[in-house]
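Peer 1: Take a look at the letters that make up each chain.
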Amino acid sequence: MSGLMAEMVGKALKHNIPLSVQLDLTYRCNERCIHCYLDHDDHGEMTTLEIKDLLDQMADAGVFYLTISGGEILMRRDFFEILEYARARTFSIKLKTNGILIRKKEADRIKELGVESVQISIYSHIPEVHDAITKLPGSLAGSIEAVRRLREHGIHVVLADVLMLSNANDYAGVRALAAELGAKFTLDPTITPMMDGNRGVLGLNVDESALREVFRNESLVGNVEEFCAPPQGVEESALDMLPCSAGHTACYVSPYGDVYPCVQFPLPCGNVRRTKFAEIWRNSPQLLEVRSITLRDMPSCSACTHGGTCTRCPGLAYLEGNMRGPSSQDCEKSYARTGVMSENLKTKKASALLAAGAPLIQIQNLQSAGL
Amino acid sequence: MSDKPYVARSAAIAARVLGDETMVMSAGDSTLFTLDPVATLIWESVDGLTPLEDIVQTKVCAQYDVSLEEALNDAKLLVEQLAGHGLLLLSDQPIAQSAKLEEAKP
Chain F
1 MSGLMAEMVG KALKHNIPLS VQLDLTYRCN ERCIHCYLDH DDHGEMTTLE
51 IKDLLDQMAD AGVFYLTISG GEILMRRDFF EILEYARART FSIKLKTNGI
101 LIRKKEADRI KELGVESVQI SIYSHIPEVH DAITKLPGSL AGSIEAVRRL
151 REHGIHVVLA DVLMLSNAND YAGVRALAAE LGAKFTLDPT ITPMMDGNRG
201 VLGLNVDESA LREVFRNESL VGNVEEFCAP PQGVEESALD MLPCSAGHTA
251 CYVSPYGDVY PCVQFPLPCG NVRRTKFAEI WRNSPQLLEV RSITLRDMPS
301 CSACTHGGTC TRCPGLAYLE GNMRGPSSQD CEKSYARTGV MSENLKTKKA
351 SALLAAGAPL IQIQNLQSAG L
Chain P
1 MSDKPYVARS AAIAARVLGD ETMVMSAGDS TLFTLDPVAT LIWESVDGLT
51 PLEDIVQTKV CAQYDVSLEE ALNDAKLLVE QLAGHGLLLL SDQPIAQSAK
101 LEEAKP
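Residue numbers (our numbering), protein chains in the order written: chain F, 1 to 371; chain P, 1 to 106.
In case anyone wonders, no lab produced these hints; they're calculated from the structure.
Since this is a predicted model, take the numbers as computed values, not measurements.
Just so it is clear, CB atoms sit at the ideal spot from N, CA and C, and this is done for glycine as well.
Some hints here could point you the wrong way.
[Unchecked claim] Here's a subset of chain P near chain F, in silico, CB distances under 10 Å, partners left out:
{"id": "1", "residue": "L18"}
{"id": "2", "residue": "F33"}
{"id": "3", "residue": "T34"}
{"id": "4", "residue": "Q63"}
Using the sequences and the hints given, assemble the complete structure.
Peer 2: And the structure:
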């Protein structure tokens, strides 16, 4: 984060301003990605008028960064009406889309409206692999065509890849594709549970050895030695640090007007159809609770050697059952990165051994071990 | 710059007031700027139709203990810098809304 940005975040924290919001316009989608955390049926999306009113409220509350996402945002016929309105309220806007519905006319309009960047999901450079993930034949070709069109207009594009079993070997190819297209590249190594808590999709996650390989790829992480350095324990000052921006300077609004701390943190905090956005942001008991949590309040994590450097996601911890608890997926990432187990993983391993009937302390006869 | 410039905000920006300061981002290159409280006052007042001198006199000099000459010199410097980054439009004539939108197009 740049110095100026850090200063702005500090100011937003001081004045309790929701600097960043992700607004999902719809959960409907023209793809059916195998790892998606959403239910794609329409359960009563906000109308154009409701969304415009929400945009006014968010601008008045101080929201600066607005990520417009879905579902597939271009499934909404009023998408450009909403985007134009949002730009007139001078948000800095990032779009997340698969791009398939972006043709010349749409690319022209996106350029005209001064969108900051467009993120397009690409899961492999190999059509068979990508299309098997999206379950839409021809989807890779469509998405790449959109990237080309946007780049021809000089629009910043980010290719977003998600690491999973079926594409574990392809991220280098997607990265090369991004470079060829003049786009940036991001790789998310985590499949998250569905918003309704269903954890079935977690089986798509890559194993620890694949994660370890990613974390030791210099072109992805920079200085490998530094990135994978063993943790140094938790300093006293780190105990009062905020876990992440969710609920502090950022939040998420669903197509139905539900407000959550983050798209990955499905703790319902209010609904903008019943309560003003600013009122929810300032006074929702759930958001106040999220804001009250520091590392010091997390029994397992505050005692963990990874505490100061862990990328613990409070939303994933919440989905695991306790927003003050550890997020095992992040514990696994810390382990793959450094080779050092978190307190949570040690406890889990011990519990698994006990459940399997094995004694916690195992003494092996030297002779039977062949020594 | 003209002695009595008219100033308008470009449409190709993102901006938000944070407390008594303003963060402004150029949509072209995503460069971020912050404006202090006095610059924020001017930023919020420019409408393309009111001469900068009038804004400085009625807004800045009314709130701060500063001479018109000194405040106007500083304000001109500020709007020139911001215009240089594409955040403001300057003209010796009033700037219509359509011109602001036209300017935002590629």
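Peer 1: Now look at each hint and say whether the structure bears it out.
Peer 2: To see whether the hints hold, each was checked on the structure:
1. With a least beta-carbon distance of about 5 Å to chain F, the hint placing L18 (chain P) at the interface is held under the 10 Å criterion.
2. Interface hint at F33 (chain P): satisfied, since its Cβ lies 8 Å from the closest Cβ of chain F, which is below the 10 Å cut-off.
3. Given the 10 Å rule on beta carbons, the hint for T34 (chain P) holds: about 6 Å separates it from the nearest Cβ of chain F.
4. Proximity of Q63 (chain P) to chain F is violated relative to the hint, the smallest CB-CB distance being about 21 Å (cut-off 10 Å).
Violated hint for the displayed structure: number 4, the only one.
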